[in-house]
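Undergrad: This is what each chain is made of:
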Amino acid sequence: MQIQEVVTFLQQTPPFDDLAPHVLESLCRELTVVYFASGEEQQPEPQLMLIRSGLFALHTEQQRLTHLQTGDYYGYQLLLTGLADPDTIRCEEDGLVYFFPQESFDKLRHQYKNFDLFFQRLFSRRLHLYQSSQQQNTSTLKVADFVTRRTVSIDCQDTVQQAALLMTAQRVSCVLIKQDEKLIGILTDRDLRSRVLAKNLSASTCVSQVMTKTPHSIDIDCFAFEAIQQMSQHNIHHLPVTEQDKPIGVLTTTDLIRSQQEHPVFLISHIHRQHQAAGLQAITPQIQQLALQLAEQHIPSYEVSSILTSIMDALVQSWLNIAEQQLGPAPCVYSWLVFGSQARRDMLPSADQDNALLLEKEPSGAIAEYFSALADIVCHGLASSGQALCDGQIMAANPELRLSLKGWSNRFAKWLNTPDPQALLNSSIFFDMRLVHGSKGLFNVLHEDVLARCKNNELFLYHLAKNATERQPPLGFFKHFLLEQDGRQRKGLDLKKRGISLVTDLVRVYALSAGIQAVNTRERLALLQQQAVLTQRQQQNLLGALDVLANLRWQLQAQDMQRGRHLSNLLDPSQLSLLQRHQLKDAFAVLSDEQQILRQRFCREL
Amino acid sequence: MWNWLKKPVAVHQLVVDFEKDYNLDKQSLASKANYLVLDFETTGLDSKKHHIVSAGWVKITGGKIHLNSARYQLVRSPASVGQSAVIHGLHNTEVQQGIELEDLLRLLLQELTGAVLVSHHSALELNFLKQSCQNCFGRSPAFKAVDTLKLELYKMRLKGGPVAQNSLSLSACLARYHLPEVTEHHALSDAFGCAQLLLAQLKSRGTSCTLAELFQQSR
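Just so you know, the protein sequences line up as chains X and L, in that order.
The first sequence begins at 1 in the UniProt record's numbering and counts up one residue at a time.
The second sequence begins at 1 in the UniProt record's numbering and counts up one residue at a time.
In case anyone wonders, no lab produced these hints; they're calculated from the structure.
Even for Gly, the Cβ is constructed at its ideal location relative to N, Cα and C.
A hint or two may mislead.
To be verified - Pair ranges (Cβ atoms, derived):
#1 L:H12 to X:L83: 56 to 66 Å
#2 X:R471 to L:T61: 48 to 58 Å
#3 L:H178 to X:R471: 33 to 43 Å
#4 L:G89 to X:E103: 51 to 61 Å
#5 L:S171 to X:V7: 11 to 21 Å
What the hints assert, rightly or not - Capping the alpha-carbon separation at 25 Å, the derived lysine to any residue pairs in SDA-like fashion look like this:
#6 X:K361 to X:E303
#7 L:K32 to X:E45
#8 X:K178 to X:S202
#9 L:K159 to X:S202
#10 X:K182 to X:D255
#11 L:K64 to X:S202
#12 L:K159 to X:E93
Bound conformation, chain X alone (with noise of 0.2 Å):
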């Protein structure tokens, strides 16, 4: 007979919580409990502990190295390893542990992956790259959950009109065009009114001639939010879904639309669509309930960052095409940057603008009255479509921030060549662009010059890397949280300033000492691995801390959403899951760890 307490209390305990309850049941009679006073000492055996209740501490001889409470594990360290550590754990404050014998704990291990995984990476200090398999189970819809298994497809020797009288026949929106059972093209009804009525091509031309080639498709086992982000991205409306590269079906906007109303491929579209302001105006609230909608969803943050920000940057396309229609076309070539967060793709719902106009002619005259009126439309209208206004003025609406290539250049040379610490930190939001609207080569100019004196201008990594290390992850010497107030007097863990942007930061430094012209963190982790700048090992421990960090504060945001409340970076780590702690206490450790690897790297005296 089991104790249904000893149960419950398991079923709440990561790695347990994933165990069947048959399962745990059976082990609850495989474990004793004992008490321990305070003072009382254990030394290590081979079995494992679950702090039950009460306060323990890890020692070595020298000193204390950290705190377990109910909860935390000890002595897998000699289950696994058979070697015993030279510490010992004593009982600070009264309290009960569980111990399970070896056997128990070691059939477990080979029964259940995920199990074995847990106490793999507790043991290694990379609690953060474990995720719970209930996580993995219920995270989102699969193509397969959408699409239809039919193909309507002809030959590319065919005729656009053969294809026009099969789309009726079929009653479908596009065709596939295959060879040799491999997928080579699509058509689709606005294809066949922009490329061959609009284009005035005659009924017989060949398909080939006017299909789009070798289209994007996505494979069926992909997840359904993976899909939107491919459509979104392109701005397309059919995905040709494959099967062991085999097209067996086309994914359309309204099979998505179809299973949910707001839909971010339907939310840009519509976006794209709007040439009125007051379109743009009313669009706020969607947003909002989209961003909800993808948090029921359990879409990791990272994705809903990159859909998001597909969002935003077709927000600042649509306002950019109406102060166009409002003021004429521009009088010269001119490309619209964006910074910061919206840069690097991980935008959250309570982002505000951080952008800036690049033009091909220096601003004097009838040309700096155009752009005035045109960022002040723009960068209005954002703010008017929910997007603030930056309070620290970095916004095209400035007048500082509208500068020729030249005048860009000799303000980055500044900030490159005499860096003033303070003016460097201020700027360094400066270092993450991306292009959103106008003129790529002209962009592309600014970047690569920008990119080329940031390499190896050793003095301003220095700067640079001792900026991004100035700001500690909240772990104190016990590894306890610390906490700290934010200006509406609620307590918690900064988990934007003490937390991610201690990643962003650090990756940047890396990022441009390599010269990489990627801006995302997750893309230029990737890079710095690759080019062999970061080992493999500190890439997935460096991503698996983001992700960690990020997927928290989404859903610490996703609440006061809901809540209505105002958006907060701040969390209360009382509301964490035990597995969260954890998992959180590592990413903050990892972080440690890597800015003193940056120290050592970037800030020996020069």
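Once you have looked at the hints, place chain L on chain X.
TA: Okay, now just chain L, sitting in the frame of chain X:
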């Protein structure tokens, strides 16, 4: 073929054997002793009129609660559970699935060999156990028990001051030692709670405490 078992003489032998084997050294250390922590749910408080409906127990050896020793038994009651169902939540149909009282006693006598009986408010368990043995076997061994409630009362009286009502209930005692709550009035949960309480009480008495002292304080 089981008829011989029902003969009072043969069964009486069981009690005699138990008494012969049961010799505790009262001067041995309390922290090293073997315990059987027992809880009964009954149809009422009077052992002469009421019946045992369920029993739960768990063993402690070497200062550790061994969960593989945890047992829970429903006991077939000759009378209706009546109003007591409100307390323990067991209904007639469930209770009728249980084992015979005599079988429960056989199990308990076996388990108790070499172990000290422990209960919270042990008077109830002792009375029911003795009365049941009397009824089934014609005689009851002279059971003795450690009472976690009395151990707690003893500590409180040492400290002085009034003893508040309810401050000696199992849940109140567990809370005082910051021990996890248990589902009350489930025989096994209560036995487990009582076992955890005993571990805490043993620790607070130091390693030199003997069984004799525990019995003394349980009076």
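Undergrad: Hint by hint, note whether the structure agrees.
TA: How the hints compare with the structure:
1. A hinted range of 56 to 66 Å for the beta carbons of H12 (chain L) and L83 (chain X) is consistent with their spacing of about 58 Å.
2. In this structure the hint that R471 (chain X) and T61 (chain L) lie 48 to 58 Å apart at CB holds, the actual value being about 54 Å.
3. Checking the proposed 33 to 43 Å range against H178 (chain L) and R471 (chain X) shows it holds: the Cβ atoms sit about 37 Å from each other.
4. The supplied range of 51 to 61 Å is broken by G89 (chain L) and E103 (chain X), whose beta-carbon atoms lie about 36 Å from each other.
5. In this structure, S171 (chain L) and V7 (chain X) meet the distance hint of 11 to 21 Å, their C-beta atoms being roughly 19 Å apart.
6. Distance hint between K361 (chain X) and E303 (chain X) is unfulfilled; the C-alpha atoms sit about 37 Å from each other, more than 25 Å.
7. Distance check on the hinted pair: K32 (chain L) and E45 (chain X) sit about 19 Å apart at the alpha-carbon level, within 25 Å; holds.
8. Between K178 (chain X) and S202 (chain X) the alpha-carbon distance is near 22 Å, which keeps this suggested pair within the 25 Å criterion.
9. Straight-line distance between C-alpha atoms of K159 (chain L) and S202 (chain X) comes to about 105 Å, which puts the hinted pair past the 25 Å bound.
10. Restraint check: the Cα-Cα separation between K182 (chain X) and D255 (chain X) comes to about 23 Å, which is no more than 25 Å; the hinted pair holds.
11. Of the supplied pair hints, the one linking K64 (chain L) and S202 (chain X) is violated, its CA atoms being roughly 90 Å apart against a limit of 25 Å.
12. Using a Cα cut-off of 25 Å, the hinted pair K159 (chain L) and E93 (chain X) holds, with the two alpha carbons roughly 21 Å apart.
When each numbered hint is compared with the structure, violations occur for hints 4, 6, 9, 11.
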